[in-house]
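Trainee: This is what each chain is made of:
Protein chains: 4
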Amino acid sequence: MWLRTSCDLAFDITVPAPFVLMLRPRSGAQQWIEREEYRIVPSVSVFEFTDNYGNLCQRLTAPPGEFSVHTSAEVRTADFVDQGFGAPFVEIQNLPDAVLSYLLPSRYCESDRFCQMATEITAGQQLGYDQVVAIVTWLRNNIHFSPGSSDTPVSAVEINSSQVGVCRDFAHLGIALCRSLSIPARMVVGYLYGLEPIDLHAWFEAYVGGRWYTFDATQAELKGGYVAVGYGRDAADVAVYNQFGPVVNPTAQSVSVERIRD
Amino acid sequence: MWLRTSCDLAFDITVPAPFVLMLRPRSGAQQWIEREEYRIVPSVSVFEFTDNYGNLCQRLTAPPGEFSVHTSAEVRTADFVDQGFGAPFVEIQNLPDAVLSYLLPSRYCESDRFCQMATEITAGQQLGYDQVVAIVTWLRNNIHFSPGSSDTPVSAVEINSSQVGVCRDFAHLGIALCRSLSIPARMVVGYLYGLEPIDLHAWFEAYVGGRWYTFDATQAELKGGYVAVGYGRDAADVAVYNQFGPVVNPTAQSVSVERIRD
Amino acid sequence: MWLRTSCDLAFDITVPAPFVLMLRPRSGAQQWIEREEYRIVPSVSVFEFTDNYGNLCQRLTAPPGEFSVHTSAEVRTADFVDQGFGAPFVEIQNLPDAVLSYLLPSRYCESDRFCQMATEITAGQQLGYDQVVAIVTWLRNNIHFSPGSSDTPVSAVEINSSQVGVCRDFAHLGIALCRSLSIPARMVVGYLYGLEPIDLHAWFEAYVGGRWYTFDATQAELKGGYVAVGYGRDAADVAVYNQFGPVVNPTAQSVSVERIRD
Amino acid sequence: MWLRTSCDLAFDITVPAPFVLMLRPRSGAQQWIEREEYRIVPSVSVFEFTDNYGNLCQRLTAPPGEFSVHTSAEVRTADFVDQGFGAPFVEIQNLPDAVLSYLLPSRYCESDRFCQMATEITAGQQLGYDQVVAIVTWLRNNIHFSPGSSDTPVSAVEINSSQVGVCRDFAHLGIALCRSLSIPARMVVGYLYGLEPIDLHAWFEAYVGGRWYTFDATQAELKGGYVAVGYGRDAADVAVYNQFGPVVNPTAQSVSVERIRD
Numbered sequence: 001m002w003l004r005t006s007c008d009l010a011f012d013i014t015v016p017a018p019f020v021l022m023l024r025p026r027s028g029a030q031q032w033i034e035r036e037e038y039r040i041v042p043s044v045s046v047f048e049f050t051d052n053y054g055n056l057c058q059r060l061t062a063p064p065g066e067f068s069v070h071t072s073a074e075v076r077t078a079d080f081v082d083q084g085f086g087a088p089f090v091e092i093q094n095l096p097d098a099v100l101s102y103l104l105p106s107r108y109c110e111s112d113r114f115c116q117m118a119t120e121i122t123a124g125q126q127l128g129y130d131q132v133v134a135i136v137t138w139l140r141n142n143i144h145f146s147p148g149s150s151d152t153p154v155s156a157v158e159i160n161s162s163q164v165g166v167c168r169d170f171a172h173l174g175i176a177l178c179r180s181l182s183i184p185a186r187m188v189v190g191y192l193y194g195l196e197p198i199d200l201h202a203w204f205e206a207y208v209g210g211r212w213y214t215f216d217a218t219q220a221e222l223k224g225g226y227v228a229v230g231y232g233r234d235a236a237d238v239a240v241y242n243q244f245g246p247v248v249n250p251t252a253q254s255v256s257v258e259r260i261r262d
Numbered sequence: 001m002w003l004r005t006s007c008d009l010a011f012d013i014t015v016p017a018p019f020v021l022m023l024r025p026r027s028g029a030q031q032w033i034e035r036e037e038y039r040i041v042p043s044v045s046v047f048e049f050t051d052n053y054g055n056l057c058q059r060l061t062a063p064p065g066e067f068s069v070h071t072s073a074e075v076r077t078a079d080f081v082d083q084g085f086g087a088p089f090v091e092i093q094n095l096p097d098a099v100l101s102y103l104l105p106s107r108y109c110e111s112d113r114f115c116q117m118a119t120e121i122t123a124g125q126q127l128g129y130d131q132v133v134a135i136v137t138w139l140r141n142n143i144h145f146s147p148g149s150s151d152t153p154v155s156a157v158e159i160n161s162s163q164v165g166v167c168r169d170f171a172h173l174g175i176a177l178c179r180s181l182s183i184p185a186r187m188v189v190g191y192l193y194g195l196e197p198i199d200l201h202a203w204f205e206a207y208v209g210g211r212w213y214t215f216d217a218t219q220a221e222l223k224g225g226y227v228a229v230g231y232g233r234d235a236a237d238v239a240v241y242n243q244f245g246p247v248v249n250p251t252a253q254s255v256s257v258e259r260i261r262d
Numbered sequence: 001m002w003l004r005t006s007c008d009l010a011f012d013i014t015v016p017a018p019f020v021l022m023l024r025p026r027s028g029a030q031q032w033i034e035r036e037e038y039r040i041v042p043s044v045s046v047f048e049f050t051d052n053y054g055n056l057c058q059r060l061t062a063p064p065g066e067f068s069v070h071t072s073a074e075v076r077t078a079d080f081v082d083q084g085f086g087a088p089f090v091e092i093q094n095l096p097d098a099v100l101s102y103l104l105p106s107r108y109c110e111s112d113r114f115c116q117m118a119t120e121i122t123a124g125q126q127l128g129y130d131q132v133v134a135i136v137t138w139l140r141n142n143i144h145f146s147p148g149s150s151d152t153p154v155s156a157v158e159i160n161s162s163q164v165g166v167c168r169d170f171a172h173l174g175i176a177l178c179r180s181l182s183i184p185a186r187m188v189v190g191y192l193y194g195l196e197p198i199d200l201h202a203w204f205e206a207y208v209g210g211r212w213y214t215f216d217a218t219q220a221e222l223k224g225g226y227v228a229v230g231y232g233r234d235a236a237d238v239a240v241y242n243q244f245g246p247v248v249n250p251t252a253q254s255v256s257v258e259r260i261r262d
Numbered sequence: 001m002w003l004r005t006s007c008d009l010a011f012d013i014t015v016p017a018p019f020v021l022m023l024r025p026r027s028g029a030q031q032w033i034e035r036e037e038y039r040i041v042p043s044v045s046v047f048e049f050t051d052n053y054g055n056l057c058q059r060l061t062a063p064p065g066e067f068s069v070h071t072s073a074e075v076r077t078a079d080f081v082d083q084g085f086g087a088p089f090v091e092i093q094n095l096p097d098a099v100l101s102y103l104l105p106s107r108y109c110e111s112d113r114f115c116q117m118a119t120e121i122t123a124g125q126q127l128g129y130d131q132v133v134a135i136v137t138w139l140r141n142n143i144h145f146s147p148g149s150s151d152t153p154v155s156a157v158e159i160n161s162s163q164v165g166v167c168r169d170f171a172h173l174g175i176a177l178c179r180s181l182s183i184p185a186r187m188v189v190g191y192l193y194g195l196e197p198i199d200l201h202a203w204f205e206a207y208v209g210g211r212w213y214t215f216d217a218t219q220a221e222l223k224g225g226y227v228a229v230g231y232g233r234d235a236a237d238v239a240v241y242n243q244f245g246p247v248v249n250p251t252a253q254s255v256s257v258e259r260i261r262d
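So the protein lines, in turn, are chains Z, X, S and E.
43 is the number that my numbering gives to position 43 of the first sequence; each next residue is one higher, with no gaps.
239 is the number that my numbering gives to position 239 of the second sequence; each next residue is one higher, with no gaps.
110 is the number that my numbering gives to position 110 of the third sequence; each next residue is one higher, with no gaps.
113 is the number that my numbering gives to position 113 of the fourth sequence; each next residue is one higher, with no gaps.
If we strip away everything but chain Z, and leave its shape as in the complex, we get (with noise of 0.2 Å):
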């Protein structure tokens, strides 16, 4: 299907302040971007660089008074997503060199401390795509979804304990439980066509019978629509933006997906 997402940002900036930006997908094996806007005003200097996870940053500072950025893009994106239920769990010594550090443990994912649930929850499953599913199964019936519950992002032991989370919290605590059992994990931003109340979107991807696949504890039914436009081991490393300096706070935040043809 054909989507046109937005994001728009404003702020109210009284003392310069530098900026990194996440707002730019990427076309890629999943989605490909075929029209993009992306306005900065007032119009500043901004440098893009790629970040480890292959995502587009772009650096500013902003000056003092009204900043604003507005991003849309015209993108297809799979109608329906792959699921791969039987895919075996990989082998550590045969993952990709570059998968490797989607197993270790990250700011907001401790997977060094739910070994023992982890194996709870997927008791008696197939080792690999199964499990992920079983601990999906389990997020939707342990933790409460509760939009706007977490205005900072809060960890996966902290979910753990609050059971109830936001669609970041959900990704965060899926991705722990995954790694806890060796299967990569890693964390997902972006669009999801349908989702209510519209807002930017988190998920996330594990490893597992050769490739990245899709979860989203917060959606009863996996549906496609996906624009991803970061990808990272957790909330830390795909930030829409990243703001440094005295703290400044949108003073408004706009999120649209549409459908624009199949």
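A portion of the hints provided could be inaccurate.
[What the hints assert, rightly or not] Simulated restraints, written as ranges between beta carbons of each label pair:
| # | chain 1 | residue 1 | chain 2 | residue 2 | range |
| --- | --- | --- | --- | --- | --- |
| 1 | X | G245 | Z | S162 | 37 to 47 Å |
| 2 | S | P16 | E | G194 | 44 to 54 Å |
| 3 | E | D112 | X | T251 | 20 to 30 Å |
| 4 | E | M117 | Z | A98 | 33 to 43 Å |
| 5 | E | G210 | S | E120 | 50 to 60 Å |
| 6 | E | A98 | Z | V164 | 56 to 66 Å |
| 7 | X | Q116 | Z | G210 | 50 to 60 Å |
| 8 | S | V157 | Z | V164 | 19 to 29 Å |
| 9 | X | V41 | E | H144 | 48 to 58 Å |
| 10 | E | G210 | S | Q125 | 53 to 63 Å |
| 11 | Z | A98 | S | W2 | 30 to 40 Å |
[As the list claims (entries may be wrong)] Reference excerpt, derived from the structure (chain X facing chain E, CB under 7 Å, subset only):
| # | residue |
| --- | --- |
| 12 | F49 |
| 13 | N52 |
| 14 | T61 |
| 15 | P64 |
| 16 | F89 |
| 17 | I92 |
| 18 | Q93 |
| 19 | L104 |
| 20 | R107 |
| 21 | Q243 |
To be clear, the hints were calculated from the coordinates, so they are not data collected in a lab.
Glycine included, C-beta positions come from ideal geometry on N, C-alpha and C.
Following the hints, complete the assembly by docking chains X, S and E onto the known chain Z.
Mentor: The following block gives chains X, S and E in isolation, referenced to the frame of chain Z:
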């Protein structure tokens, strides 16, 4: 200044033809891509990756029949190209690691064959930027610019022998002469506002005084309006498209560059 | 000075155990590896790769039975560690792209939780190197160094609460405090000549004044004799070995550092 | 088998001479470096970095006077080189991204000039490994191996014209022929046990059947005992040393390869 660039290609494909395209300009220090369009007809799977030089490359297999690629971009680029008269030669030991490979000879820039000639051309010049200026002046005085004179790339040695060439050839010989003096030099392919006749353009950059400077021996005067699409050691690295298998020539190719605002 | 370092590990393996080792120091600006030995007994297939941080990593699967790794190196390292009192804070917009990721929170360095505390600790200091010195002084005065106090890594938040730790913990808390002030900081694991009791060591580096400086809150005085083996965001990235599957503890581990000549 | 390799170089330096050396073999799938020595006399600052091809490169400036480099290694390498008769041609669209650049022409491998010739040489062969075997056979039958015949690298076109060459030349022509058939090919520089007369050696690898295979047209029979030191597109990328500024020739160069155990 703000420019709208476009490049359209059309092919008549008989057997499935693998392509690697390099037609998506990247935002960077010198330019900002505010709007971009990249349409492929018919719609096929495309995989995008970043090559060793930081270029975004699109891989696809064109199916039999009419096949076309339409790209356009709205870009903010500098009104004036920085010039650095007197910028000093950078001692090899002080060059950044990533710049070292631009000292080596490459397919179309046999810098190992130009030491004496480059020394003569730059005799009396201050080491660095001014040497490159002397090379550009020599190219303008000694190589006859003849659009359409070479269809397939020829090398610096061949150009130096024939004394006639297109923009790509001027760049190759300029690069070879720079490298033979231990000045890192690289090729750039892209657009130039005001180029006559309008077409894709090629120029080169040399690393002196701690940064890359733009040089273009095809232009009497170095003005602004450059939009870079690809960087590399020479034309072998920065083909706008590489097509593999039985050769398929474009049935149409059109390029435009217009100024849309200051 | 010239040092001979060694690290030997032994394991008693029951089921084939995948390992990723990080025990081959790299030559670089700060150290030169003149001789090196890396023996694995029994001899197995080893694949070596370079991770995101530039570390050489060795992948292998240890077979059942006694398994040991013997590494040693003869290294030239600095007699004195560079200090940079007064070296200024680098504005975010001027940091190299590759340094930016060292501003982000990571598994054991929850820098997002330390803003106020870091501000208090460094009150009155000139921005940059001197802030880091204040952090190191604070660590020395407030955290009790207790070798063996933590077997598995604990995080900066936990260390700050328990007020007791090993070298790795001092580094984690120091890194978290630096990053919370927008000073890039990274972990280093390696050897230190004269360390008592001798063991592998961990310290940290902070990026101020345009370069990385070494800091070590476990030492009363910053002397020379450091040999770096691995760099990363924190201990999650620079484990001397990561072993996957059922946990296998080393049956023996020995480390030595001796001075072999000036 | 286990080999001890060594390469010693000596120079008589008159003005400070920047060098980039490539003399540290890396452990990898095909070989394991168990012991290594790398001595530079007199001792100077050396910076090591990893180039685009994964090679470890050492940067230094040799001071005036006698300057020497002594390297040796104890390496486990394969007793037999894998052969893959019948291994199929990999369609371009299925090649890994990182392999694509080995399809392009390079300084000494003008693959764009060899299409017809390569097609004739490989006529009737199954696409893939067997084509490369036909190329190697053709090289053995048509190019006269003459150690010492070329001091400075010459290109595939020149070798094809002169019909005489050294190991490097055989590799260059072999690579050019492979690439002209859309078979990725790369150069390897290193050691070969049993080579007569003993010297540094060069050979090539071609990517067929989903992996790199070793080919060496200078040897009647493909035996084991190869130790790779550097990989690249051709000799321009994998010089054992690149020296910049006024040319300094080695006053001595010695190479040895001995078998130390099975």
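Trainee: Each hint needs a verdict: does it hold in this structure or not?
Mentor: We went through each hint and held it up to the structure:
1. The hinted range of 37 to 47 Å is not satisfied by G245(X) and S162(Z), whose Cβ atoms lie roughly 58 Å apart.
2. As the Cβ distance of P16(S) to G194(E) is approximately 35 Å, the hint placing it in 44 to 54 Å is violated.
3. Separation of D112(E) from T251(X) is about 22 Å and conforms to the stated range, judged on CB atoms against 20 to 30 Å.
4. A hinted range of 33 to 43 Å holds for the C-beta pair M117(E) and A98(Z), which are about 38 Å apart.
5. Our hint of 50 to 60 Å for G210(E) and E120(S) holds, since their Cβ atoms are close to 58 Å apart.
6. One distance hint, 56 to 66 Å for the beta-carbon pair A98(E) and V164(Z), is violated here, with the actual separation near 44 Å.
7. The beta-carbon spacing between Q116(X) and G210(Z), approximately 55 Å, falls within the hinted interval of 50 to 60 Å.
8. At roughly 21 Å, the beta-carbon separation of V157(S) and V164(Z) lies within the given 19 to 29 Å, and the hint holds.
9. Between V41(X) and H144(E) the C-beta distance comes to about 53 Å, which sits within the given range of 48 to 58 Å.
10. A beta carbon spacing of about 57 Å between G210(E) and Q125(S) agrees with the range 53 to 63 Å that was offered as a hint.
11. At about 36 Å, the beta-carbon gap between A98(Z) and W2(S) stays in the expected band of 30 to 40 Å.
12. A distance limit of 7 Å between C-beta atoms decides the matter here; for F49(X) the minimum to chain E is near 4 Å, and the interface restraint holds.
13. Given hint, N52(X) at the interface with chain E, holds; its Cβ is 5 Å from that chain's nearest Cβ, closer than 7 Å.
14. Because the closest C-beta pair between T61(X) and chain E is about 5 Å apart, less than 7 Å, the hint holds.
15. Checking P64(X) against chain E by beta carbon gives a least distance of about 15 Å; that is not within 7 Å, so the hint is violated.
16. Of the supplied interface hints, the one on F89(X) is violated, with its beta-carbon coming no nearer than about 11 Å to a beta-carbon of chain E, more than 7 Å.
17. For I92(X), the interface hint holds, since its Cβ comes within 7 Å of a Cβ in chain E; the closest pair sits about 4 Å apart.
18. Annotation: Q93(X) was flagged as interfacial toward chain E, and the flag holds, the nearest CB pair being 5 Å apart, inside 7 Å.
19. With 7 Å as the threshold, the beta carbon of L104(X) comes within range of chain E, its nearest partner Cβ sitting at about 5 Å, so the hint holds.
20. The interface hint given for R107(X) is met, as the beta carbon of that residue sits about 5 Å from the closest beta carbon of chain E, less than 7 Å.
21. Taking 7 Å as the C-beta contact cut-off toward chain E, the hint placing Q243(X) at the interface is violated, the least distance being around 9 Å.
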